[in-house]
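J.: Please model the complete structure; the sequences and the hints are all you need to start from.
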Amino acid sequence: VTAPIITLLTDFGTADGYVAEMKGVLLSGAPTATVVDLTHEIPPQDVEAARLALARCWRRFPPGTVHVVVVDPGVGSARAALAVESAGRLLVGPDNGVLSPALLAGDATVVALPVPPGASATFHGRDVFAPVASRLAAGEPVASLGAPWPTAIVRRTPEAHRLLDGTVQGQVLTVDRFGNLVTNLTARTGGAVLVGGLRLAVRRTYADVHEGEPVALVGSSGFVEIAIRAGNAAYVLGVGRGARVVLAPG
Amino acid sequence: VTAPIITLLTDFGTADGYVAEMKGVLLSGAPTATVVDLTHEIPPQDVEAARLALARCWRRFPPGTVHVVVVDPGVGSARAALAVESAGRLLVGPDNGVLSPALLAGDATVVALPVPPGASATFHGRDVFAPVASRLAAGEPVASLGAPWPTAIVRRTPEAHRLLDGTVQGQVLTVDRFGNLVTNLTARTGGAVLVGGLRLAVRRTYADVHEGEPVALVGSSGFVEIAIRAGNAAYVLGVGRGARVVLAPG
Amino acid sequence: VTAPIITLLTDFGTADGYVAEMKGVLLSGAPTATVVDLTHEIPPQDVEAARLALARCWRRFPPGTVHVVVVDPGVGSARAALAVESAGRLLVGPDNGVLSPALLAGDATVVALPVPPGASATFHGRDVFAPVASRLAAGEPVASLGAPWPTAIVRRTPEAHRLLDGTVQGQVLTVDRFGNLVTNLTARTGGAVLVGGLRLAVRRTYADVHEGEPVALVGSSGFVEIAIRAGNAAYVLGVGRGARVVLAPG
Chain S
1 VTAPIITLLT DFGTADGYVA EMKGVLLSGA PTATVVDLTH EIPPQDVEAA
51 RLALARCWRR FPPGTVHVVV VDPGVGSARA ALAVESAGRL LVGPDNGVLS
101 PALLAGDATV VALPVPPGAS ATFHGRDVFA PVASRLAAGE PVASLGAPWP
151 TAIVRRTPEA HRLLDGTVQG QVLTVDRFGN LVTNLTARTG GAVLVGGLRL
201 AVRRTYADVH EGEPVALVGS SGFVEIAIRA GNAAYVLGVG RGARVVLAPG
Chain A
1 VTAPIITLLT DFGTADGYVA EMKGVLLSGA PTATVVDLTH EIPPQDVEAA
51 RLALARCWRR FPPGTVHVVV VDPGVGSARA ALAVESAGRL LVGPDNGVLS
101 PALLAGDATV VALPVPPGAS ATFHGRDVFA PVASRLAAGE PVASLGAPWP
151 TAIVRRTPEA HRLLDGTVQG QVLTVDRFGN LVTNLTARTG GAVLVGGLRL
201 AVRRTYADVH EGEPVALVGS SGFVEIAIRA GNAAYVLGVG RGARVVLAPG
Chain X
1 VTAPIITLLT DFGTADGYVA EMKGVLLSGA PTATVVDLTH EIPPQDVEAA
51 RLALARCWRR FPPGTVHVVV VDPGVGSARA ALAVESAGRL LVGPDNGVLS
101 PALLAGDATV VALPVPPGAS ATFHGRDVFA PVASRLAAGE PVASLGAPWP
151 TAIVRRTPEA HRLLDGTVQG QVLTVDRFGN LVTNLTARTG GAVLVGGLRL
201 AVRRTYADVH EGEPVALVGS SGFVEIAIRA GNAAYVLGVG RGARVVLAPG
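Here the protein sequences line up with chains S, A and X, keeping their order. Residue numbers for the first sequence follow my numbering, beginning at 1 and rising by one. Residue numbers for the second sequence follow my numbering, beginning at 1 and rising by one. Residue numbers for the third sequence follow my numbering, beginning at 1 and rising by one.
Just so you know, the hints here were simulated from the structure itself, not pulled from any lab data. Just so it is clear, the structure is predicted and the values come from calculations on it, not from any experiment. Where hints are given, some of them may not hold.
Stated by the list, open to error - In silico contact screen, one side only, chain X against chain A (beta carbon under 10 Å); selected entries:
{"no.": "1", "residue": "52"}
{"no.": "2", "residue": "217"}
{"no.": "3", "residue": "244"}
Unchecked claim - Facing chain X, according to a computed beta carbon distance under 10 Å, are these residues of chain A, among others:
{"no.": "4", "residue": "16"}
{"no.": "5", "residue": "23"}
{"no.": "6", "residue": "24"}
{"no.": "7", "residue": "33"}
{"no.": "8", "residue": "120"}
Note that beta-carbon positions come from the ideal geometry of N, C-alpha and C, so glycine has one too.
T.: Next comes the structure, spelled out in structure tokens:
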């Protein structure tokens with residue numbers, strides 16, 4: 001039998017020891033688990049950034065993987081704590097939209113988790129989500145861990161809109177470490193992208209332009225990106241998250 | 001048999017490859033071990049920050065876990081290299097107070113480790129502590145690894161002081177990634193905290209105040225914290241590590 | 001049988017989810033593997049920094065370890081994707097010099113990897129290197145994964161030069177997290193180092209000088225370093241990567 005896989009996606013950073021506490025709880029509850037860091041560098045309380053990171057990777061892991069997602073500005077409030085089964089993967093996290101990629105896919109099963117007596121009101125990652133993740137890793141079914149939760153708030157991906165003139169209006173969803181602008185536009189090579197006063201043909205890869213030149217391309221998740229070859233597009237173009245991007249027919 | 005767990009807590013960052021070298025040594029010596037990153041983002045040479053991170057998590061891991069703690073400004077000097085058994089966990093690190101949480105708990109066994117011939121004078125993490133951690137993970141007893149060390153310097157938690165007027169004087173021990181001020185005061189909800197010119201009632205969680213408002217609460221380790229809901233208390237209040245905090249009766 | 005070890009060394013950071021995607025692919029292909037983070041904090045597209053980090057650690061891991069090295073500014077261009085067997089370790093990464101430590105050692109076997117149909121033109125880490133790493137971890141021989149690649153570009157370590165006057169001229173190769181200046185000079189204690197207008201005797205360790213004083217010593221990889229005890233040499237001395245350093249006879 002393969003060891004169960006438990007992943008962690010948080011906005012805790014690592015310096016303060018919060019992630020370390022969660023790992024201790026996970027490995028105490030599931031000593032044979034493989035605990036995998038997805039990231040702890042989500043900007044503090046940035047639910048949207050966490051949702052995007054989760055969207056990229058949650059289905060890349062094998063069925064049975066348990067994803068623990070803790071970006072939780074409402075910890076200790078009335079927001080529900082969820083466990084989800086979707087597409088064969090298991091997820092736990094707060095009901096604030098961070099789990100949307102799994103909630104929107106297939107026929108997700110969702111339960112609301114009880115908060116155990118004595119749990120800290122400020123650290124459900126350690127006292128609610130990690131213990132449940134250990135139990136899921138050990139094979140307990142989602143349905144046994146809480147009550148069905150029919151009213152989950154699901155925050156969806158901001159969608160691009162097709163206009164009457166044939167263009168599609170989207171936005172920059174995130175700026176990655178390289179300064180690449182990742183949008184919510186889907187495209188094939190051949191069209192053109194309007195962003196920050198520039199019109200860029202949609203190319204195949206960075207190396208299709210010279211160093212220092214801007215390029216639009218279809219990124220690795222299928223969405224249009226704007227980059228500067230060997231440079232930082234966000235910095236050079238002065239364009240950031242939320243900026244409008246328009247896709248024109250090819 | 002469950003794979004042995006070895007954790008790493010350092011101030012090395014990861015970019016330079018020092019942590020990678022230690023992982024190579026650990027997995028060469030203990031190929032079945034689960035190597036767990038606690039953090040490598042302790043500020044350079046900040047023994048106190050490392051002590052606090054260790055205090056949070058070392059007992060959360062199962063008995064038998066080996067914690068490797070290397071924040072070691074005195075490397076190569078006469079400071080001792082220690083191996084400790086405490087509360088069923090095993091720890092290695094320099095004798096500079098970083099291991100205090102384990103040294104202060106229960107009936108700790110402490111030995112001083114020899115420095116092997118050929119060890120680098122600047123990287124005992126790789127050449128002294130990692131090899132010993134592998135041997136501890138393989139089941140070698142602490143007592144066999146070095147000579148008893150009766151004179152360990154133990155740096156204790158800065159303690160809060162009760163004054164004649166009934167207040168308790170403490171300080172901010174650390175500022176976490178969210179800008180929360182973590183103190184050395186213990187309290188129950190009901191009292192009030194004086195900090196940076198403010199008087200704050202001790203509440204249960206962040207969501208007990210409006211966004212942008214300051215709140216005092218009992219944090220997840222049992223100590224009083226001061227936070228700004230959806231904000232950064234250190235930045236907004238202009239209060240940092242070492243600042244005085246006073247707890248007044250409820 | 002011990003679980004196979006797969007390490008990751010990238011410039012992706014972790015916040016964007018790219019590393020998480022790779023881990024999902026690796027664990028889907030090799031569910032029993034131990035996936036080890038070496039670093040993801042290489043500065044964006046800094047092949048030389050990645051080469052240095054790899055040089056430090058690749059042989060510290062046990063034979064059979066698979067190192068996945070993705071710092072890849074030329075992704076999607078004509079640069080080859082390589083798999084290497086060297087000194088019993090296995091490596092995958094782009095043909096841009098990042099794998100030099102392994103290519104220069106012993107009798108390396110090198111093949112060029114095919115790009116599978118449907119692979120993203122901007123993320124070979126996920127679609128080319130991770131799948132091959134899983135297969136190497138499962139025991140497939142390097143020779144079966146691609147065509148022999150006799151023309152690999154190998155970028156060598158910048159070498160120090162001995163001058164007629166007996167001095168050796170080198171440079172600062174990197175500045176580590178502590179601000180230590182790591183050079184390409186090899187030395188034994190006894191000589192002296194000229195850097196940034198200072199002449200420093202080569203000592204054994206940081207503690208051989210007072211706090212705040214500069215010190216030259218032979219670092220843990222055998223190269224001369226310049227440090228400030230309990231300080232940051234790069235900042236205090238105003239010396240950075242590429243700066244000239246001269247070694248004078250003792």
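J.: Now tell me if each hint is right for this structure.
T.: Verification of the hints:
A least Cβ separation of about 7 Å between residue 52 (chain X) and chain A falls short of the 10 Å threshold, and the interface hint therefore holds. Restraint check, residue 217 (chain X) versus chain A: the minimum CB separation of about 7 Å is within 10 Å; hint holds. At its closest, the beta carbon of residue 244 (chain X) sits 22 Å from a beta carbon of chain A; the interface hint therefore is violated under the 10 Å criterion. Here the hint on residue 16 (chain A) is kept, as its CB sits about 4 Å from the closest CB of chain X, short of 10 Å.
Checking residue 23 (chain A) against chain X by beta carbon gives a least distance of about 6 Å; that is within 10 Å, so the hint holds. With a least beta-carbon distance of about 3 Å to chain X, the hint placing residue 24 (chain A) at the interface is held under the 10 Å criterion. Taken as an interface hint, residue 33 (chain A) checks out: its beta carbon lies about 9 Å from the nearest beta carbon of chain X, inside 10 Å. Hint status for residue 120 (chain A) relative to chain X: holds, with the closest Cβ pair at about 4 Å, below 10 Å.
Hint violations for this structure: number 3 only, all remaining hints satisfied.
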